[in-house]
Structure formats: C-alpha cells, structure tokens
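Chain order of the listed sequences is A and B.
Each residue of the first sequence is one higher than the one before, counting from 6 in our numbering.
Each residue of the second sequence is one higher than the one before, counting from 54 in our numbering.
Just so you know, the hints here were simulated from the structure itself, not pulled from any lab data.
Incorrect hints may appear among the rest.
Said to hold, decoys possible - Using 20 angstroms as the maximum straight-line C-alpha spacing, the simulated PhoX-like pairs for lysine-lysine come out as follows:
| id | chain 1 | residue 1 | chain 2 | residue 2 |
| --- | --- | --- | --- | --- |
| 1 | B | Lys95 | B | Lys54 |
| 2 | A | Lys62 | B | Lys54 |
| 3 | B | Lys121 | A | Lys16 |
| 4 | A | Lys83 | A | Lys62 |
For clarity, every value in this text was computed on a predicted model and none was experimentally measured.
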Amino acid sequence: GAGVSQSPRYKVAKRGQDVALRCDPISGHVSLFWYQQALGQGPEFLTYFQNEAQLDKSGLPSDRFFAERPEGSVSTLKIQRTQQEDSAVYLCASSIGDRLYGGYTFGSGTRLTVV
Amino acid sequence: KQEVTQIPAALSVPEGENLVLNCSFTDSAIYNLQWFRQDPGKGLTSLLLIQSSQREQTSGRLNASLDKSSGRSTLYIAASQPGDSATYLCAVREYSGGGADGLTFGKGTHLIIQP
C-alpha cells in the first residue's frame, strides 16, 4: 500500500484481556519499529525488526508484551493480561533501508484504552 | 542515555508570524535528526530529515537546522498559517553499534496558530 496501515484504530480492552495490534508496513520496507506513546508524551521505542528478525526488544516494558513479524512484512504486537498502564497509542513505523539511514514512515496508530 | 528536550512545550501565536521551535539532545553522537508533525488522534508525519553531516534542510515554509556539536536543532516556520496547528516532535537516531536503535523523541511542542 501507499502508507503504513495499522488496525484496529481504536481498541477498548477490559483489564486482564489479551489484545493484538496489527501493522502493515509499506511493501518492501526492511525495517519495522513499534513505539508506545502515552498521553502528552513523545513516542517511546518498543522493538525493532529487520525483515523477520527481531533485532532489539529492549523497549518492551514487560514480558506481557510480545511482537512478531514472521514473514518479514506484517507485524503483530500482542499484549497479554492488559493493565491500565498499558493505555496508550501504539505506533508502527517502517523504513526502506536498514536502521541507520532511512527516514521513517509512521502509521496512524492504535489507541488502546484499558478499563 | 540520550535525552531530547523541546522548548517551548506550547506556543500560541497569531497567523502570519515567523516562529522557531527548539530541540536539544544530550548525546551528540547521532546519525540523523528528524522533525515530525502530529495532528490530534493521528500518527506522525515526517517533515524534515537531517543527516549528521548536514547543517540544514528546507521544505517550503519549513527550515530545520542542526548543530550536532552543541546538541541543538531548530525548526523555523515562516508565515505561519492556522493549518500549521499541531504538535511538532523532534527525534534523534543514534548509532548504537550493537542492537537496534530506534528514535529518541522529545515530548513535542504544541503549536496553535490563531486565525
């Protein structure tokens, strides 16, 4: 597609529920990043993929967070047993090249509200 | 750990004014710096990307400068318009050598242009 597509746009989850957030990067983009943006804050890095390889997951806040990109295109961010502090906008970004050079294209994000 | 600070946090000016948004970062060993725009409920739109070897980039009414040695960047907006109202985010990309390196964002400057 022409841009990075994320779904769903909005998700309301009850505390303790598992959620899955999807990211469709721009076709052919090698690098894919997930970010978490709390209200009034800048986005914070969660994890990075180069093709299907997850090269860094140091930003994932707990072991309840899991991300995958099995075929090097679509990625899913899964949050198990959601907590209220997980409420945020989750942004996906992709880049045509490796992590060092290219600019990023961001999706519109998924706004997760845990009640 | 890299820290990115944006000043001011919020700015409201009448349309037509020229204005400057400031960004500072603590570790000058960056690979590039990027300015983004974020509209309410939306993802991030890349405005300008400055590689570490560059001093400035221009796009239309926007001009971004980079002084890597002093850890500073400015975004200059000429002849501001109400449509420029948004949150402007500055982000630096580092070469960490080892793992992946996402972007480190500031908290943004919330800009309102009064008609």
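Evaluation of the provided hints:
1. B:Lys95 with B:Lys54: violated (28 angstroms)
2. A:Lys62 with B:Lys54: At roughly 17 angstroms apart (the allowed maximum being 20 angstroms), B:Lys54 and A:Lys62 satisfy the hint.
3. B:Lys121 with A:Lys16: violated (40 angstroms)
4. A:Lys83 with A:Lys62: Holds: A:Lys83 and A:Lys62 sit about 13 angstroms apart, inside 20 angstroms.
The structure does not agree with the numbered hints 1 and 3 stated previously, though it agrees with the rest.
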